[in-house]
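Can you make the complete structure from the sequences, with help from the hints?
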Amino acid sequence: MAEEGITQLLLQWSGGDRTALDRLLPLVYSELRRLAQSYLRRRQPNLSLEPTLLVHEAYLKLVNQEQVSWQNRAQFFGLSAKIMRDLMVDHARHARAAKRGGGNYSLSLSEADRVGQSLNLDLLALNEAMEELASFKPRHCQIVELRFFGGLTIEETAEVLAISHATVERDWNFARTWLYRHLKSISDSEQN
Amino acid sequence: MTPEQLQKLSGLYHAALELEPQQREAFLQKHCSDDDELRRELSQLLAANEEAGTFLMKPSVKLNSEIGSKQSDASLIGRAFGHYRIVSHLGAGGMGEVYLATDEKLGRKLALKLLPAEFANDRERLRRFVTEAKSASATAHPNIVTIHDIGETDGIHYIAQEFVEGETLRNRIEQGPIPPLEALNIAQQTANALAAAHAVGIVHRDIKPENIMLRHDGFVKLLDFGLAGMNPTEAMSGDQSNSPTLPKNTAPGVIMGTVNYMSPEQTRGHKLDFRSDQWSLGVVLYEMLVGERPFQGESMPDIFVAILERQPIPLAELLDDAPAQLQQILDKLLAKNREQRYQSSAQLAEELKRLHRRLELDAERNADEVSESATLFIQPKPTASPVTAAPPPTAEPPTFSTQSLPADAMTKELAQVTRLSRVTIGLAAFLIVGLIAVAVWWTMQSKTPATVPAIPAEQLPERSFNYWLTVQMMRDGKPYREEFQSAGKERYESGSKFRFNFISPQSGYLYLINEGPAENGISFWLLFPMPTVNEASAKIEANQAMTTGRMTFNENTGDEKLWIIWAAQAINELENLKADVLTPQAQGELRNPQQRDTVRRLLTSLSQSKSEAEEDRHNLKTAVTGRGDTLIHLVELKHH
Chain A
1 MAEEGITQLL LQWSGGDRTA LDRLLPLVYS ELRRLAQSYL RRRQPNLSLE
51 PTLLVHEAYL KLVNQEQVSW QNRAQFFGLS AKIMRDLMVD HARHARAAKR
101 GGGNYSLSLS EADRVGQSLN LDLLALNEAM EELASFKPRH CQIVELRFFG
151 GLTIEETAEV LAISHATVER DWNFARTWLY RHLKSISDSE QN
Chain B
193 MTPEQLQKLS GLYHAALELE PQQREAFLQK HCSDDDELRR ELSQLLAANE
243 EAGTFLMKPS VKLNSEIGSK QSDASLIGRA FGHYRIVSHL GAGGMGEVYL
293 ATDEKLGRKL ALKLLPAEFA NDRERLRRFV TEAKSASATA HPNIVTIHDI
343 GETDGIHYIA QEFVEGETLR NRIEQGPIPP LEALNIAQQT ANALAAAHAV
393 GIVHRDIKPE NIMLRHDGFV KLLDFGLAGM NPTEAMSGDQ SNSPTLPKNT
443 APGVIMGTVN YMSPEQTRGH KLDFRSDQWS LGVVLYEMLV GERPFQGESM
493 PDIFVAILER QPIPLAELLD DAPAQLQQIL DKLLAKNREQ RYQSSAQLAE
543 ELKRLHRRLE LDAERNADEV SESATLFIQP KPTASPVTAA PPPTAEPPTF
593 STQSLPADAM TKELAQVTRL SRVTIGLAAF LIVGLIAVAV WWTMQSKTPA
643 TVPAIPAEQL PERSFNYWLT VQMMRDGKPY REEFQSAGKE RYESGSKFRF
693 NFISPQSGYL YLINEGPAEN GISFWLLFPM PTVNEASAKI EANQAMTTGR
743 MTFNENTGDE KLWIIWAAQA INELENLKAD VLTPQAQGEL RNPQQRDTVR
793 RLLTSLSQSK SEAEEDRHNL KTAVTGRGDT LIHLVELKHH
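Heads up: the protein sequence lines correspond to chains A and B, in order. Residue numbers for the first sequence follow this note's numbering, so the first one is 1 and each next one is one higher. Residue numbers for the second sequence follow this note's numbering, so the first one is 193 and each next one is one higher.
Accuracy of the hints is not assured; some may be wrong.
Taking lysine-lysine pairs in the BS3-like style, the calculated list, with each CA pair at most 30 Å apart, reads [as the list claims (entries may be wrong)]: (1) B:Lys222 with A:Lys137; (2) B:Lys326 with B:Lys301; (3) B:Lys200 with A:Lys82.
Pair ranges (Cβ atoms, derived) [to be verified]: (4) B:Leu209 with A:Glu155: 21 to 27 Å; (5) B:Ser225 with A:Pro138: 41 to 47 Å; (6) A:Thr153 with B:Gly393: 50 to 56 Å; (7) A:Asp86 with B:Ala734: 38 to 44 Å; (8) A:Glu131 with B:Asp228: 22 to 28 Å; (9) A:Ser135 with B:Asn363: 52 to 58 Å; (10) B:Asn363 with A:Arg18: 55 to 61 Å; (11) B:Pro653 with A:Asp86: 43 to 49 Å.
Hints in this document: simulated from the structure, not taken from any laboratory. Cβ coordinates follow ideal geometry from the N, Cα and C atoms, glycine included.
See below:
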């Protein structure tokens, strides 16, 4: 029922029916929130959360994959990305308030060990930096949202934003570098 | 950087990246020669390109979640939520951590409860919670914890509520069974709270000892209206609104503890109503008396079976001298079919109160016919629990008239029986309590009582209070007719026992001074603060109903004056007396002439401006209002 509903709405939406989005968003939102909460409630120490896993889980649950194209999938992930960002930032905000000084929700840099750097940045700082980036490069910020919080590939991102692969690559590079530098300068100034 | 600089930045960045590293310096020179800031930014960005590696490529957020741990509590000390600043950690509830905080606007202490983040996202539940909590609080019932404010800071939702200094009933029960008189007192106050909430259509849904606070002065405060069903933990039943607050991440035993208070209809997932609260209160009452819960089991299904099918062990098998009426009340509360429970909670409260009063009077009669004559001051009954001395329930109850107290009667029935006997208010055969209602204002800006207020009276803040007497007539040392409430204008028989009751919308300091008959030379007794009530403190919170211990009109003749002083600040002259006067020897009497002189001058200086006193329509209480920091009211007791 819900499965069909969401699949249908997704198809209608990609078929050009913009009103379908209004009905789609709350459904996806509530499912993602439910998943995120049940995940976060486990409260194990050093738990690692990949937002995109939740999006996948929601997608598998909500959408009948036989009926939809990969473009539909991209659209679903695209709209989930924004929701995931909101959910996680909300959660991090609470965590920071509960434990002043924050830092307990940190981005783990998968390459950090190899490169020998330890850069612990919290999610709220990332969110703020993204907002700043959006003030002069809104599309760059959107790309980060889709890639990082939605887990979209370059191709999918290009599809959702209706731009070329090359542009996504280029903007993604700038956005990552800009955010990295921005966060690192904050983290350096805090250490000093 | 300016928007123009930022726009330029990405174009230059990409162009520079196309170049070999050794060519970049020249590139920067060429394009940023007149803009050092842009140049610095760009070169740092180019350097960061390498360093960034796979930053953000593999989205993963590491959660090192320690929310709610001791560590995180400590870090909240000093933190502000709105204008509330956290002072210390009070404890953890099923519904989040509770902190002691100060209200920086009003300078008062309060309890700040931080709701778990899950609620923040569930707008519908949050909305429902706010509605219910506010409605319960709006009853302004003295047995319901007042909610001052509900708000949000940095995504954290908090509740600012009245700070209750005391312990939870859970704490108390853990120290062993509670004597029937005291248990009844607690149950009765809780029932009063429920009656008020049920009257406005609010069901608590989660009555359990953890939610019942016992204040040090014996006052009971019911917590957490509206929170039941707020917990997102997987509900036991389909209807989450029925789910009690199950603590998360706790040992199974703790969760079991909550299940024990569920009503049969709750275990079945049916819709709850006020009678479900009655059941839970029945479980709590039983547990108070016996020290064990009536329905137990090793697993949740076992407990459910017990709730649905078993009858609890009768009190008589577990307690000596268990009053039969107590068993009857329990039977009714724990009726499996809710149709058979009390059809109104006011009725339940009334029944608990009646039994409490009977046990109290029985205990009093039994324990000392002895010192009837002499001891003047309000002092606690000798030794332990009055109830162990209670006569068997076969004793005939006194004949009660049909007059009853209003359901919202805020009287607090003290377990301790106190008496004011010969004393001060000693009177002849009949008493007329006349109100020569003159009250007087006095600013506290100077400690010199004679200071006349410099500010025009109408600009001073308003102050007000209500008072009333609860009177028990006595015949041949036995209660005669039912205790009744009075604004103070009736005639009372000598030998009657009474309590003085007081409540005010403001907080402040209450002093009651009895001035004895003038013909014997001036004499004063400090009647309040009293050693057995309110921890001998004059401090009374806003809307806190205060009831003195029981006092007796004796048969001496003479005019008596009862001064009521209601002050925004403690009055040093009177506070200084406490050490000398609130002793078993002095029993409230001011025996030192200098002390009497101080008080006489204080009273005289206060008697300068007027306030208004008015009895309510039914002569049940008297309201006194006026302006200023200190309100004084004289009740003149005349008799013939």
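Item to complete: Please write out, lowest number first, the hints stated earlier that are contradicted by the structure.
Response: 5
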